[in-house]
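> Sequence:
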Amino acid sequence: MKRVRPLTTVVVLVAILIGTGVWWVFFRGPSSSDCAPVRELLSFNKTQIERLNAKTHEPEPGSYGSETLPSELDYRDWTDGLADRASKVSNPDLAAPARDMAQTADRLVRARLDYDAQAARTAPGAAAPASAMVVKAFNDQFEGQVRGLLQTCPL
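Take 2 as the starting number for the sequence shown in the working numbering and just add one per residue.
These are calculated hints, taken from the structure and not from any lab test.
We treat Cβ as the ideally placed atom computed from N, Cα and C, and that holds for glycine.
Hints may be right or wrong, so weigh each one.
Simulated pairs of lysine-lysine, BS3-like, Cα-Cα distance not exceeding 25 angstroms [claimed, not checked]:
1. K56 with K89
2. K137 with K47
3. K137 with K56
Pairwise CB distance ranges (calculated) [claimed, not checked]:
4. A138 with V11: 22 to 30 angstroms
5. L14 with F45: 42 to 50 angstroms
6. R40 with R6: 22 to 30 angstroms
7. P62 with Q119: 29 to 37 angstroms
8. Q104 with R40: 42 to 50 angstroms
9. L114 with L14: 35 to 43 angstroms
10. Q119 with Q152: 19 to 27 angstroms
11. D78 with Q152: 23 to 31 angstroms
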């Protein structure tokens, strides 16, 4: 029986570890071309969120400023843009999460509009409508889906 020298075993193990590391860094996950439509989706989402936030103004308590919020059309533009960009994702592993993200954004907007309508009918100082919890749940789900896509296809 032939004996293998300990140094040979160490060299082979180190070579395997280096090879695995190179594969892990360069070849795991979707290709750059598969991620391009996802990056477009995520970039669009980021710019639209910034645009919606710029239209939002909540005055300080006791000030005479008025509250401004994005319109329903602004929200619809955002969700329609997300749906359009999600439909352009062709990689099967990325298409479903992108489509789910766009659908969650649509549910979030519908819940937010429902909340706004209920809040307008709520007396000042009263508890927030129950739909606030639904909005928060959809928002948390949406943010989780965005984080998942960002991990798969970083910007």
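> Are the hints correct? Go through all of them and say.
How the hints compare with the structure:
A C-alpha spacing of about 28 angstroms is found between K56 and K89, which places the hinted pair above 25 angstroms, so the restraint is violated. Pair hint K137 plus K47 holds up; C-alpha atoms about 19 angstroms apart against a cutoff of 25 angstroms. A C-alpha spacing of about 20 angstroms is found between K137 and K56, which places the hinted pair at or below 25 angstroms, so the restraint holds. Between A138 and V11 the Cβ separation comes to about 53 angstroms, which falls outside the hinted range of 22 to 30 angstroms.
Our hint of 42 to 50 angstroms for L14 and F45 holds, since their Cβ atoms are close to 46 angstroms apart. At roughly 49 angstroms, the beta carbons of R40 and R6 sit outside the given window of 22 to 30 angstroms. Between P62 and Q119, the C-beta spacing of about 22 angstroms breaks the proposed range 29 to 37 angstroms. Taking the beta carbon of each, Q104 and R40 are about 20 angstroms apart, not inside 42 to 50 angstroms as hinted.
One distance hint, 35 to 43 angstroms for the beta-carbon pair L114 and L14, is violated here, with the actual separation near 60 angstroms. Q119 and Q152 have their C-beta atoms about 35 angstroms apart, which leaves the hinted 19 to 27 angstroms range violated. For D78 and Q152, the hinted distance range of 23 to 31 angstroms is satisfied, since their beta carbons lie about 27 angstroms from each other.
The earlier numbered hints that this structure contradicts are 1, 4, 6, 7, 8, 9 and 10.
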